[in-house]
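*Asks:* Here is what each chain is made of, one letter per residue.
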Amino acid sequence: MITSFKKNIKGVVIEGITLASALIIIAIVIVMLTVIIIGGKDQLSWEFLTSFPTDGMTKGGIFPAIYGTALLVIIMSIAAVPFGTITAIYLTEYAKENSIIAKTIRFAVRTLAVIPSIIYGLFGLGFFIKFVGAHIDGAFFGGELKWGQPNLLWASLTMALLTLPVVIVSVEEALKTVPNELRAASLALGATKWQTIRKVVLPGSISGILTGTILAVSRGAGEVAPILFTGAAYYLATLPGLGDQFMVLGYHIYVLTTQSANVDQTLPIQFGTTCVLLLLTFILNMTAVILRYRIRKKKTN
Amino acid sequence: MIIDKISTENMFLYYSGKMALNNISIKIPEKKVTAFIGPSGCGKSTFLRSLNRMNDLIDGVKIEGKVTIDNINIYDKNIDVVNLRKKVGMVFQKSNPFAKSVYENVAYGPKINGLSNKKQLDEIVETALKNAAIWDEVKDRLGDSAMGLSGGQQQRLCIARTLAVNPEIVLMDEPASALDPLSTAKIEELIVQLKENYTIVIVTHNMQQAARISDNTAFFYIGELIEYDRTKKIFTNPDKKQTEDYITGRFG
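Heads up: the sequence lines are chains A and B, in that order. Every letter in the first sequence is one number past the one before it in the numbering used here, and letter 210, counting from 1, is 210. So the numbering used here is basically just the index in the second sequence, starting at one, shifted up by 1000.
Just so you know, not all the hints are guaranteed correct.
[Stated by the list, open to error] One side of the interface only, derived from the structure: several residues of chain A facing chain B at Cβ under 10 Å:
1) Lys96
2) Glu97
3) Asn98
4) Pro179
5) Glu181
6) Ala188
7) Leu189
8) Val200
9) Gly204
Derived by calculation from the structure, the hints in this document are not laboratory data. Glycine included, every Cβ here is placed at the ideal spot set by N, Cα and C.
Isolated chain A (complex conformation) (with noise of 0.2 Å):
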């Protein structure tokens, strides 16, 4: 009896600490959020979202830091994606499950997943911007500084490649839905492997490769550190293009809370700015969510 109670007290107490560690998660979650919706809400109105900023970026809107924001997720999926979806294609449809050269790839695109990101922005530095793009002044430009400095390419290119793993796995994750039925069934017909993989294997995989897309672009949307050295301002009075250095939004609340004159002016503005990152990222987070919901579910049927 009085070691049952014993035992019973102990499971109580396990229970609730355990109950209590999850509970903190929420709760960080919880302040996490209000603080800062309370703290942006005022700000969000179609004129922060489409104005430039103004009085030394204490006033104004954050135009040029979305629309910064907009051109290198869309640049940075051009590159990864297509990129990316090969790969995965190779890895599924071609390589033997347990090759060398699979394994290899397997292993490398795991290594760059766990890369701290500041050091894909050191390589983009080194490899794009000192390598690539002072090599194309040498050769097309007479040595005039044009493509050997940070700009929106090298940084869209940068973030596609911290964002290629996101997108390999989860094509691969998706090519991998596909029954094997379906492409017995067209190779049976007569097909090839390639027209088997073109006109079964992706269309039946299409949502996958879209929540790849959204989950890289998510991800580029909010990192910071791969485009510290390879393209992002300050502050810009035009907007950018492939040549130019940008705004965006990640660094540009950094700016406004370290840089800036008079941070407790510009408070209000870090406070918007933050919560358009947020809802971006959480916008797109969602949206690959459902997708890969929906896709699980053909999955089980």
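Given the coordinates of chain A, work out where chain B should sit on it, guided by the hints.
*Replies:* Just chain B, lined up with the frame of chain A:
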């Protein structure tokens, strides 16, 4: 005169070095239904899949000996597997329509062969669906998803899809095993009709089915072809004791 469409001579098949088919020699006549029977794991499906080289898709499969179709060794180096599979169609155990419309499922084969003329495609689709005895059931919903058809309809659609490529041989791997008795009866009736134009090779677990629809029956056991003869003889007066034990239900 009976022409041998398919024949194998001293054929062996190994899965990663393990023997799965042991010295199979068989001659399969043209425009007849040939049934492969035997207990699970006896190699009958494996053998069927080596006739259109679907085993190529599995890692570690090695084949020795001769497998000829129209006197051409299909494992020759210069054989185009894609063309072989157009000539030797296959219907699978589980119906596996594509997540496309009924029409697109049947048009898939002709389309990948480069046919794009709408009128010709329409004709091929209609003929194939008619030959697979499903035209009347689907003619008003050709544009609907094939996934909405019943299991039996899906399987006949898969047969139509195979016929649309205009094969000479149709391999069937337990095509009715997942179907209800009514659908099974329809498929069996269809198979008997199809042998007018096609050479049919069917793997089946159902011995009554083999007895009802096939002209010849081959009994496989543990990777060996034990006995192969006219279906009537196999089911009434088999030469081998193992065959008799199996068809009388003493094992398997």
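*Asks:* Would you mind marking each hint as holding or not holding in the structure?
*Replies:* Quick rundown of the hints versus the structure:
1. Lys96: 6 Å, holds
2. Glu97: 8 Å, holds
3. Asn98: Status holds, d = 9 Å.
4. Pro179: 7 Å, holds
5. Glu181: 4 Å, holds
6. Ala188: 4 Å, holds
7. Leu189: 4 Å, holds
8. Val200: 6 Å, holds
9. Gly204: 6 Å, holds
Violated hints for the displayed structure: none, as all numbered hints are satisfied.
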